[in-house]
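In order, the protein sequences belong to chains P and W. Mapping to our numbering: the first sequence position 55 is 55, numbers consecutive. Mapping to our numbering: the second sequence position 45 is 45, numbers consecutive.
Some clues are possibly wrong.
To be verified - Computed Cβ-Cβ distance ranges for the label pairs, DEER-style:
1. W:Val30 - P:Lys148: 51 to 57 Å
2. W:Ser140 - P:Pro12: 54 to 60 Å
3. P:Pro22 - W:Val109: 53 to 59 Å
4. W:Asp46 - P:Arg163: 36 to 42 Å
5. P:Gly42 - W:Glu121: 41 to 47 Å
6. W:Glu29 - P:Lys79: 44 to 50 Å
7. P:Lys79 - W:Phe70: 25 to 31 Å
8. P:Asp158 - W:Thr49: 48 to 54 Å
9. W:Glu121 - P:Pro12: 47 to 53 Å
To be verified - Partial chain P-side listing against chain W, Cβ under 7 Å, derived:
10. Ser10
11. Leu11
12. Ser99
13. Ser143
14. Ser233
Bear in mind the hints are in silico, worked out from the structure with no lab data behind them. Here a beta-carbon is modelled for each residue, glycine too, at the ideal position from N, C-alpha and C.
Given next are the chains, with one letter for each unit.
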Amino acid sequence: MTEEPLPAWSLPTDAVERIALPEAWPGEVTREWAWGGATGAGVRVCILDSGVEPDHPRVGEVQESVAISLDGDEVMVDKKDTAGDLCGHGTACAGVVRSLAPECELASVRVLGAGFTGSGAVLLEGLRWAVEQGYDVINMSLSTTKQKFATLLHELADTAYFRRTMLVASAHNMPVESYPWRFSSVISVGSHEQEDPFAYYYNPSPPVEFFARGVDVEVAWMGGGRLVCTGNSFATPHIAGIVALMLSKHRELTPFQLKSLLYLTATNVGGGT
Amino acid sequence: MSEELRSAVAAGVLGTEKDYGELLQSIVEVARAIFRAKASSIFLLDEATDELVFEAVAGEGSESLVGRRFPSSTGIAGFVLVSRQPLVIEDVLEDPRFSRETAESTGFVPKGLMAVPLLHEERALGVLEVLDRPSDAHFSLAEMELLGLFANEAAIALDLLQRARRAQGALEGEGDLSVLARIAQKLEERRAEDEDLDAAEFLAALEKVL
Chain P
1 MTEEPLPAWS
11 LPTDAVERIA
21 LPEAWPGEVT
31 REWAWGGATG
41 AGVRVCILDS
51 GVEPDHPRVG
61 EVQESVAISL
71 DGDEVMVDKK
81 DTAGDLCGHG
91 TACAGVVRSL
101 APECELASVR
111 VLGAGFTGSG
121 AVLLEGLRWA
131 VEQGYDVINM
141 SLSTTKQKFA
151 TLLHELADTA
161 YFRRTMLVAS
171 AHNMPVESYP
181 WRFSSVISVG
191 SHEQEDPFAY
201 YYNPSPPVEF
211 FARGVDVEVA
221 WMGGGRLVCT
231 GNSFATPHIA
241 GIVALMLSKH
251 RELTPFQLKS
261 LLYLTATNVG
271 GGT
Chain W
1 MSEELRSAVA
11 AGVLGTEKDY
21 GELLQSIVEV
31 ARAIFRAKAS
41 SIFLLDEATD
51 ELVFEAVAGE
61 GSESLVGRRF
71 PSSTGIAGFV
81 LVSRQPLVIE
91 DVLEDPRFSR
101 ETAESTGFVP
111 KGLMAVPLLH
121 EERALGVLEV
131 LDRPSDAHFS
141 LAEMELLGLF
151 ANEAAIALDL
161 LQRARRAQGA
171 LEGEGDLSVL
181 ARIAQKLEER
191 RAEDEDLDAA
201 EFLAALEKVL
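Using the sequences and the accompanying hints, generate a full structural model.
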């Protein structure tokens, strides 16, 4: 991550050049401009989940495997997690990202497996750790309903947003309050029923902002296997993968610009061109 | 009023564990019928032991599974509980390791399963699973919504079951709270027996004390 000083809180006329964009946007933004020829190379994508199985044929190399747990109030970070994937879900998400952005770097931050009790706190600490590492994209196909974590998660999501870490989170398809997908500093993702992995729709009625492929998705699973799965969990890494492509072609994009680019290239906006 | 006190007072008037158990059973039976599935189960999270427990099972495995426990954060049900995300999986047989683990938590090896968290207010209470729909049944988002509706119903029933158990605990325990619980229970019984004159007098006396 390149830590750039934030612009001042005001902008004198003679300082306009200081905030010049590294690259001008074209008059008409197309998918070709957004990610044409991109592979995800150089982009670090974090899978915050149940772990990722190493060397799965559909996932390939996982550069980093970390496990977060709690010992009382103390946060434990195992930077050489060898447990792999405890249920298959993280591997599935990693495989979807890999299928769209074949040359991105993948990191696994495991926040599941230590029991249900304390799982909300582990999720929070896992996200905190991932944001501190400055990953370019964090895929979060999970959420918590615990109100007491909402404020802290909100702060973390905003921190990620200002540090140029794009948090992509699964929306809930049940009428419950859960987090962090409801925050406007993240990209929230629901499912559509089409087969095209590059079909995604902008939703003008938030809180769910985008719909991506999430029904009958063939995904990587434990034991080098594959499964056909349905859920917003699998729509989310589709958007994470597309964001990785955008970032590998346009390194300087901020989360605000990434959201704008996703909107402009959405299938129901300008994505047909 | 504390949760314990409320439970104690409620002990005498709440439905019994058996009532709510029957409600849960009816939910899994209907879920199984609607989805034309081979089996359906509801798991309750036991927070004290951090385990998932089979509370109701319809269809295959129903005889032997109720009461069986497994760790709360492994496997599909565990993931669904902890992540709060519903999940539908087809072709489970593709992965022998997964099949074996699933079999341990379902009593047989399903070809496919749908699992949804049971959420009530901000608590995750358990998981509803529907196993092996007909192989020609293509999954759609409409079914996911239907599953969500069942999950809401099951979550309410699970919440009631837990309240009934807490209330029963207060009733059977020792100390002031159990006395209060037994008083509430007796009053309720007398009301049921149309002897509410004494009960009304007793309540009036209590009101006076307060």
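Checklist entry - Hint numbers the structure violates, sorted upward? => result 1, 8, 10, 11 and 12
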